[in-house]
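Protein chains in written order, with numbering that gives the first Met the number 0: chain A, 0 to 763; chain B, 0 to 320.
In short, the hints are calculated from the structure, not lab data.
Hints are not guaranteed to be accurate.
[Claimed, not checked] Here are some chain B residues pointing at chain A (derived, C-beta under 7 Å):
hint : residue
1    : V15
2    : I62
3    : T66
4    : R80
5    : P90
6    : H93
7    : F107
8    : L111
Beta carbons: idealized from backbone N, C-alpha and C, even for Gly.
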Amino acid sequence: MRAYLAVLKDAFRETLASKVLWVLLILITGFLVLFSGLSVAPAVRTGLDFRDVFDWPDFVVRLRDVPADSPVGRLRHRLTDELQKQVESFTRDGGGRRRFLREIREAIDSQLETDDFATVLDVADASLSDEARKLKATGDVSKQQRQRLNRLVLEAALPDDVRPSPRDVVTPTYLGYVLFDDFSLDDKELDTSVKGVLQAFIFFFVSVLGTFIAILVTAPIVPRMFEPGAIDLLLSKPVSRSLVFLSKFFGGCAFTLLNAGYLIIGMWLIVGWRFGIWSDGLLLSLPIYLFLFVLYYSVSAATGVLFRGPILSVVMVVVFWFACFVVDAAKSSAEQFELNGTRVHTIVPAGEALLATSSAGKTFGWSKAAGAWEEVFDSTEDLQGLRAVAVRVGRGFPFLGPLYDPEKQRLVAVSKAAPVFLPGGGPGRLFVAGAADNWSRRGGITVPLSPRGLFLSSAGEILVIGPGGLFRFEGNPEKTHRPFKIFGLDFGNRDGLGKFVEATAGKLPRWPVPFAAAMDPATNNIVVYSKGQLALLARGEGETEQIYSKTVSKDLATEKAAILAIAGDRVLVALAEGNYRMFDARTLQPVDTQVPGGPSKPRWAAGSSDGRFLAVLNHTGQAWLFDTTTQRLVTGRAIGGTVRALAFTEKNTLLVGDLFMRINEYQLPDLAPLRSFDPPLTTLQAVYHYALLPIYTVFPKPGQLNAVVQRLFEDEDTVSVSGDNDDLQADQFEIDVRTPLVSNAMFLVVILGLTCLYVSRKDF
Amino acid sequence: MTTTELVIRVNDLGKVYRDGWLRRRRIEALRDVSLEIGRGEIFGLLGPNGAGKTTLIKVLLGIVRKTAGEATLLGYPAGQRVGRKQVGYLPEGHRIPRHLTGNSALEFYGSLSGLTVSETRRRRQQLLETVGLSEWGRTSVTKYSKGMLQRLGLAQAMLHEPNLLILDEPTDGVDPVGRSEIRDVLNLLKSQGKTIFLNSHLLQEVELVCDRVAVLHKGEVLRVGPVEELTKLTDAAAAEVVLELSGDAESINRILPAVVVERVRDGDRWKVTVPALDQAALDALVDQFRQADVSLLAITRRRLTLEEAFLEMVRTAGGGR
Numbered sequence: 000m001r002a003y004l005a006v007l008k009d010a011f012r013e014t015l016a017s018k019v020l021w022v023l024l025i026l027i028t029g030f031l032v033l034f035s036g037l038s039v040a041p042a043v044r045t046g047l048d049f050r051d052v053f054d055w056p057d058f059v060v061r062l063r064d065v066p067a068d069s070p071v072g073r074l075r076h077r078l079t080d081e082l083q084k085q086v087e088s089f090t091r092d093g094g095g096r097r098r099f100l101r102e103i104r105e106a107i108d109s110q111l112e113t114d115d116f117a118t119v120l121d122v123a124d125a126s127l128s129d130e131a132r133k134l135k136a137t138g139d140v141s142k143q144q145r146q147r148l149n150r151l152v153l154e155a156a157l158p159d160d161v162r163p164s165p166r167d168v169v170t171p172t173y174l175g176y177v178l179f180d181d182f183s184l185d186d187k188e189l190d191t192s193v194k195g196v197l198q199a200f201i202f203f204f205v206s207v208l209g210t211f212i213a214i215l216v217t218a219p220i221v222p223r224m225f226e227p228g229a230i231d232l233l234l235s236k237p238v239s240r241s242l243v244f245l246s247k248f249f250g251g252c253a254f255t256l257l258n259a260g261y262l263i264i265g266m267w268l269i270v271g272w273r274f275g276i277w278s279d280g281l282l283l284s285l286p287i288y289l290f291l292f293v294l295y296y297s298v299s300a301a302t303g304v305l306f307r308g309p310i311l312s313v314v315m316v317v318v319f320w321f322a323c324f325v326v327d328a329a330k331s332s333a334e335q336f337e338l339n340g341t342r343v344h345t346i347v348p349a350g351e352a353l354l355a356t357s358s359a360g361k362t363f364g365w366s367k368a369a370g371a372w373e374e375v376f377d378s379t380e381d382l383q384g385l386r387a388v389a390v391r392v393g394r395g396f397p398f399l400g401p402l403y404d405p406e407k408q409r410l411v412a413v414s415k416a417a418p419v420f421l422p423g424g425g426p427g428r429l430f431v432a433g434a435a436d437n438w439s440r441r442g443g444i445t446v447p448l449s450p451r452g453l454f455l456s457s458a459g460e461i462l463v464i465g466p467g468g469l470f471r472f473e474g475n476p477e478k479t480h481r482p483f484k485i486f487g488l489d490f491g492n493r494d495g496l497g498k499f500v501e502a503t504a505g506k507l508p509r510w511p512v513p514f515a516a517a518m519d520p521a522t523n524n525i526v527v528y529s530k531g532q533l534a535l536l537a538r539g540e541g542e543t544e545q546i547y548s549k550t551v552s553k554d555l556a557t558e559k560a561a562i563l564a565i566a567g568d569r570v571l572v573a574l575a576e577g578n579y580r581m582f583d584a585r586t587l588q589p590v591d592t593q594v595p596g597g598p599s600k601p602r603w604a605a606g607s608s609d610g611r612f613l614a615v616l617n618h619t620g621q622a623w624l625f626d627t628t629t630q631r632l633v634t635g636r637a638i639g640g641t642v643r644a645l646a647f648t649e650k651n652t653l654l655v656g657d658l659f660m661r662i663n664e665y666q667l668p669d670l671a672p673l674r675s676f677d678p679p680l681t682t683l684q685a686v687y688h689y690a691l692l693p694i695y696t697v698f699p700k701p702g703q704l705n706a707v708v709q710r711l712f713e714d715e716d717t718v719s720v721s722g723d724n725d726d727l728q729a730d731q732f733e734i735d736v737r738t739p740l741v742s743n744a745m746f747l748v749v750i751l752g753l754t755c756l757y758v759s760r761k762d763f
Numbered sequence: 000m001t002t003t004e005l006v007i008r009v010n011d012l013g014k015v016y017r018d019g020w021l022r023r024r025r026i027e028a029l030r031d032v033s034l035e036i037g038r039g040e041i042f043g044l045l046g047p048n049g050a051g052k053t054t055l056i057k058v059l060l061g062i063v064r065k066t067a068g069e070a071t072l073l074g075y076p077a078g079q080r081v082g083r084k085q086v087g088y089l090p091e092g093h094r095i096p097r098h099l100t101g102n103s104a105l106e107f108y109g110s111l112s113g114l115t116v117s118e119t120r121r122r123r124q125q126l127l128e129t130v131g132l133s134e135w136g137r138t139s140v141t142k143y144s145k146g147m148l149q150r151l152g153l154a155q156a157m158l159h160e161p162n163l164l165i166l167d168e169p170t171d172g173v174d175p176v177g178r179s180e181i182r183d184v185l186n187l188l189k190s191q192g193k194t195i196f197l198n199s200h201l202l203q204e205v206e207l208v209c210d211r212v213a214v215l216h217k218g219e220v221l222r223v224g225p226v227e228e229l230t231k232l233t234d235a236a237a238a239e240v241v242l243e244l245s246g247d248a249e250s251i252n253r254i255l256p257a258v259v260v261e262r263v264r265d266g267d268r269w270k271v272t273v274p275a276l277d278q279a280a281l282d283a284l285v286d287q288f289r290q291a292d293v294s295l296l297a298i299t300r301r302r303l304t305l306e307e308a309f310l311e312m313v314r315t316a317g318g319g320r
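Throw the hints in and build the complete structure from the sequences for me.
Written as C-alpha cells, this is what we have:
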C-alpha cells in the first residue's frame, strides 16, 4: 500500500509543481474576493409588474365592469380618457391587446407613485393588510413607504387579480451599493435566482472551462510515466502494474480536486455568508464534477498509455466529447423535434372508437381498416414548425381533455391559457368535435379564466374550473364568433353565441395555487384542492341544481401540489411529495394513506367508472393502480414498465399506452390482455428504436452529469417545462440521475479495466 | 555451485518480439540463453548493441515476458514481486521525474521498494555521500548533470540494501574519476556479499571489476566464464613467450631462435618475443641463457585483453552487429 500511496503522492507533487495550477489558484482567489462583495439589502416592493397580476385580461374585465364609486372604479377614473375608452370596449377575445395591456400596466404603475393614490381609492380599513393599516396610521411616511402603501391598497382593492406582495424582500447590492432600482426578490425568488446563477456559473467555469484546462494540464502525467527509462525503473520495483497505473491516474485528479474544490467551497462559504443560502447542491456538485473530469481523464490516460503522447491524449478527449455530444444531440433532437410529439399523452375511449392525443396536442383516431392512427380534431389554427416546438417546450401539452360526451357523442376540450406576452399566448378556448363528422374541430369560445379542470356532468354540462372560479357553459359550443372590425373595434355578430357563467353561489375568493379539482361522476360534486385545503363543492338541488356551494373543507397541512381523482366514495389526493391520501367523498374524512415509494410527482389520476379502481400515473412513467374493494394494489407486467398514458373504459377495462402510440387494453383486476392497438413504426421511430436508442444506452453520458447537478439544486426528480411546478398536469421533464451515474461509472470501469489489462500484459 | 547459492538462473531462455501490422514480423531477441550467477559474484554481460542484453535484464525483472525457457531470480520465477523486492536496478538512460529533488526522489523510490519514509531519511545521507552527492540532496534533479543523475540512480538502486544489483551501463556519462569511485562502490558491495549483474560497453571496466562474464551475440550466449579464462589464448602452443633479458648482446643473439616476433633493446636490457614454444624447448632455451651468463628478468606467456578476446569471439561468431 505504501508504494501506491507514494505514487499517488508523487502525482500530487507533480501537480503542485505545475505553474498553471498556481496561476489558476490566484485567478480563483481574485474571483472569490470580487464575488464576496456581492450581497443583498432589505427593500420594499412597490409598483406593478406584469408578473404581479394573475390574469391581465381578467384584470381589465374587472376594471371595465366595476361601479364607478368603488375603489377600482376610482382607479379607472384616474386613467387617461383614451385608456378609459379602451377599457370600456375591452373583450377577452378581442384583438390588439398586447400593446393595450402594456399601456394599462404603465399607467397604473405611474399612478402608484402618486401621493394621493391611497386616499383617492379609499379602500375600507377592514380590507387592508396589517402592514397597510400600520403604514396608513403612521402620519409622516417616506416616499418609498407611501409607494408601498399604494401597492398594498391596490392589492386590497383587487384581491383576485393582483398577487399579494411579500413584505420581506431584498435587493442585490455590491459593496453596499444597490445594483438595480425597482428590483426586489422575496426569500423564494432569491433562493431560486441565486441557485440558478450558481448552476449556470459552475456549469460554464467548472464543467466546461475547468474540465478542459484540467485535461490540458494533466494530459502529460500518464504518458510521462510510461517514457522509457521511467517505466523500467518503476516496474523493477515490487509493485503491481495495474495499481501503479491507477494510483498515478487518481493522483492526476489532484489538479481538478484542488481547483474545483477551492472554487466551489469558496463560493459555498461566500453564498452562505452573504446571502444566507447554504446550498447543499453547490457543495455536492464538487464530487459530480470530479467524476465528470475523471471520466474524460480516463480517456486521456488510456490514450497516453497506448500512444505515450499528451497531444494525442487531448485530441482523443475532444473526439470522445464530440462523439458523446453527437449521440446525445441526435437522440434529444429526434425526441424534441419529432418523437416526443408522437408519444401518447391521453387516451380517450369514445364509445366504440378509440382516440388518443399525442404530447404535441394532436388527436388521433384508431382506424381498424388501416391498423394505424389517423389524425382527427385537427385545426389550421395550430402552430406549425419551430414555433410549435417553442410553444410545446414552453407550455407542454396544450389541452385540458379531451373528454368524451357519450350523450352527444362528441369530444370536448379546452385549450390552455398562456400569458399573452408569450408566443402563441392567449386565453383558453372551448372546442368540440362530433363523431358524426369524423371528429372535426369546431367552436372556439373564450374560457373566462386560466382553466385547470374540465368536467362533463352526467347531464352533459361542460364545466371548467381554475383558481379564478368555477364556470358552466351555456349555449351551443359549436358556434364561433366571427370578428368584424372597423377601426380596431369589433362589430361582429355575437347573437346566439354560447357563454360561460359562474357556477358558484356568489363569487368565491380566488383559490391559491397549487390547485387541482376532480368531479365525482356519481353525484357531480366537485372536490377542490388549493394549497393544502381540500373543499367539497356540492351541487344544489331543485332550482339551484346548477349552483355549487362549498360545504365541507379539510386542512391537509401541506403546501405541495396535488392531483385529484374520485372513485366510488373515495377522493384520492395524490401529492407531489409522493404519498397518496384518500378521503371520504362526502365528509372528506381521511380513510387511508398509501406511499407507493419514491418521490415521483403524479401527472394524471382517475377513478374507474364503477368506482372500484383508482389509478395514478406519475411524470417518470410509473403507474399505480389501487383496488378500493380489496384495499390492495393491482400489479402486473402490463403496468410495470414505463407507462405514458392510462385510461379506464366504460366497460371498466384498462387502457395502457407505452412508448409512441401503442395502446393495449387489459381486463381488471387480473390485467389479462384483451386488445392491442399497435401501429407500425415510422422510419424515424424505427431508427430511433433500433439504432439511436441502443447506441445511446451503451454510450457514456458525461453531458448528462450536468442534469445530476441540476437535480441536486432542484431537489426534484422532474421539473416543469413551463417553470410552474404547482401545475402537476403540465409537462415535466425527468431529471434522470441514475442513468448518467450508472452509465458513466460503467464506462469508467470498462476503460480503466481495459487499460489496466493492457498495462499488465504489455512488454515495456 | 549449489542451486541454493544461485542468485540468477537462466535456462534455455527465449524471447521473440512481434512487430508490424497484425504483429506478423518476428524479432528473436534471445535464443536458448543459459546462465548461472552465484551469490557474491560480480557478473558482467557483454555484447554489441542489439545483442539482447537489456532484454535479458528486463525478462529477469518481469518488465518483459519470456516466450521460452526458464528464468529465476533469487529462487523465484522471474517477474515475481517477491523476487524483485531484493533487487536494486539501475536502467540505462533512466529518467527521474523532473519535479523531484535528490532527497524526494530517494523517498519516492524507497517507498516503492517498501521502505518507510523515516527509513529512507535515515539511510539517504550516507548513501548520497557514498555516491558523491552529499551536497545535492535538496537540489532539483533538473539541475543535475548526466553523471550526477547516474549516481543518483545508483543510490536509489542501493537504497533498500538489496541482495542483487542489476546495473545497466552504470558508468554511462560519468567522468574517469567518477568511474573509479563507482568501481570502489561496486567492490564495497561485493565485500558486503552482494551480487552484482553488470551490463556495460566499457570492457576495461568489466575486466577490472567482474569475476565472470558472459558474451551475448544476436541473442545467443557465446562464452561464459572467468575473465582470465576468456582472455587466455585458447591454443597453448600458439601462445607467444615474452622474455626480458639482461646480458651480453652477442650471447643473446646467438642463443635466440632464428625466428623472433619482436626484439626491443634498451641498453643491456632486452625484451624479446619469440613464437610459441613447448615447455621442453622453453626449458632448454632458459638453460642456454643461464650457461651464457645472461640474466632472465622475466618470462611470461602473452594473454589477450578482454576487448581483444571479445572482438575475436564476435568475429568468429559472424560479424559485429
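Hint check results:
At about 11 Å, the closest approach between the beta carbon of V15/B and any beta carbon in chain A exceeds 7 Å, and the interface hint on this residue is violated. Evaluation of the I62/B hint against chain A yields a held restraint, the C-beta minimum of about 5 Å falling below 7 Å. For T66/B, the interface hint is violated, the least distance from its beta-carbon to any beta-carbon of chain A being 10 Å, above 7 Å. Annotation: interface hint on R80/B holds; nearest CB of chain A at approximately 4 Å, less than 7 Å.
Restraint check, P90/B versus chain A: the minimum CB separation of about 4 Å is within 7 Å; hint holds. A distance limit of 7 Å between C-beta atoms decides the matter here; for H93/B the minimum to chain A is near 5 Å, and the interface restraint holds. Because the smallest distance between the Cβ of F107/B and any Cβ of chain A comes to about 6 Å, under 7 Å, the interface hint for this residue holds. Because the smallest distance between the Cβ of L111/B and any Cβ of chain A comes to about 4 Å, under 7 Å, the interface hint for this residue holds.
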